[in-house]
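Quick note, the sequences are listed as chains A and B, same order.
Numbered by this note's numbering, the letters in the first sequence go through residues 1 to 54 in order.
Numbered by this note's numbering, the letters in the second sequence go through residues 1 to 478 in order.
One or more of the hints may lead you astray.
[Said to hold, decoys possible] A partial selection of chain A residues facing chain B, derived with a Cβ cut-off under 10 angstroms:
no., residue
1, S9
2, V12
3, G25
[Said to hold, decoys possible] Reference listing, derived: stretches of chain B covered by chain A, where coverage requires no fewer than 3 residues with Cβ under 8 angstroms from a Cβ of chain A:
no., stretch
4, 82 to 88
5, 268 to 276
6, 365 to 378
[Stated by the list, open to error] Derived DEER-like restraints, expressed as beta-carbon distance ranges:
no., chain 1, residue 1, chain 2, residue 2, range
7, B, G155, A, L23, 40 to 50 angstroms
8, A, P30, B, T18, 40 to 50 angstroms
9, A, P30, B, Q232, 17 to 27 angstroms
10, A, R53, B, A202, 35 to 45 angstroms
11, A, A42, B, G357, 48 to 58 angstroms
The set of hints was computed from the structure by calculation and includes no laboratory data.
Don't be surprised by glycine CBs; every beta carbon is placed ideally from N, CA and C.
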Amino acid sequence: MRIRFLAVSLAVILLMYLVPFTLLGGVEGPYTAIFWMVVSAAYLFSVWLELRRV
Amino acid sequence: MEGSFAYLAIAIYITAGTAIAWFAKKRLRRDVKDFYTAGGRFGSVVASLSYAATTYSAFMFIGLVGLSYQSGIGAMGFELVYFVGTLFLLYYLAPRYYSLHNRYGYISPAEILTDRYGSPAVGMGVTLVSLVSLIPYASAQIIGIALAAEGASGGAIPFALAVIIAVLLALVWSVVAGVWSVGWTDVYQGVLMIAAGVAILAWAINWAVGLPSFSFLSGDLGYVPNSYWTPQTFLNMTIPWFFFAITNPQVVQRLFAPKSKEAQKNMVVLFGAYGFIFTVMVCMLGIILRGATAAGGFPLVAYRDSVTPTLLGMMPPWITILGLVAIIAASISTIDSMILTLSSMSIRDVFVPFRPGMSQRAQIAAGRVIMLALAAACMLFSLSRPGLIIDLSVLSSSLLLPIAPLVLGSFLWSRGGKRSAIFSLVAGFATAAALYYLKASPLGLPMNLWTLIVSSLTYIALGALERVPAGAEKIRGA
């Protein structure tokens, strides 16, 4: 369980760095901000779920 | 805003906070563990708001608003990387810190490293690095208060007076009842901070959308990479921030405070909810103000730490007062925690190894004297007005970054002793200080990446050749 969550966490961290500077790089508008906000909020939710399980 | 209103608002804030600090004294048991860690007796709400108020400071209200204004949405990404990194580290390490405190009664975070690496020199080294790094960080908070007070009062509250008031207040609230007065005032201040943030943002949105030709995201502020946020800059600024939760002793010590494992889990989630809302709110404010500048409604502010003070000078008096008090609250709640934690480290990691028989009463008394000395050092540093708040904050975290391999290795690696710990600390600290001073990025890699690489490689290379000291298992097994 904790290993699976570790993989999810590392993927989230990697996405936080890579996506805005590659896929969304130079894309004008609120998309990059929305991406960062959605991923962060989703990660908080997943931490909450994991903490309920362990 | 009239200066007298500003003074009255600050007087009410100080009176209420001091009353709370004094009331908190009733919960204090007269022993060192309780004075510095609450003896593990904080409930979920106090623990989470205390963690949040300790973490979020003038850096947010002044520094991050200004950074968002100047550089756009990359500032939000920078702070949200911190947010995700902190949740990640807290999920895995907070329960271990809780268990160690509960089982072995650790008071200072560096005591854990002393036991893990089998030498008090490690705890002393970490304490020294923390002292050198956190005095500029605490001073950045004080400067934030002074700038806001100057801006909001139209100069009626002079910079130097605001610095003196801020330092005295942080000192009194930490000396009265240690972490009890700090924690309870953190709750009061944490609520003030979020309430003021909501009010200011609501007013700013309502005002800005009424401006003709207002645009939410203008020019290159709406995307990354842009002229400010190159991949290098982003990496450089986020690396020390990512490890903030394990390198900054004032937040690590908060992990000892919850009364149960359940309370600690709630603390992580409640802090996360608070942090997410606060981060988004603050960054949006900076971006909206930049849009207002483009629309001609807000002056163009060149010095980014002056963005929030300029806004405070324009808003209706009641929001200005609330904003000013919230900035003071954000700063004080961070400064008093730093003073308290640095005092605990000085006592437990420096004094006690030389005088193991020091009584509980003597440790608390000496701790209070150290708090006084730390407050004086912060005051002198602040009065010299050393630089931008964000830069000072990031520099502090850069200098603390070499602690990260030591902490992670404590829990995750079965090699390494005092030599690898001390040499990696020295090598990392020297790298950070030298590259910052020279403004150098060898091979095009950012300074903080170099600091992390040098300290980690030194730690791993020397640690692989070193036996684990006796007693280290209890840390790894926590």
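Inset, instruction - Check each numbered hint from earlier against the structure, then list the numbers of those it violates in ascending order. - result: 6
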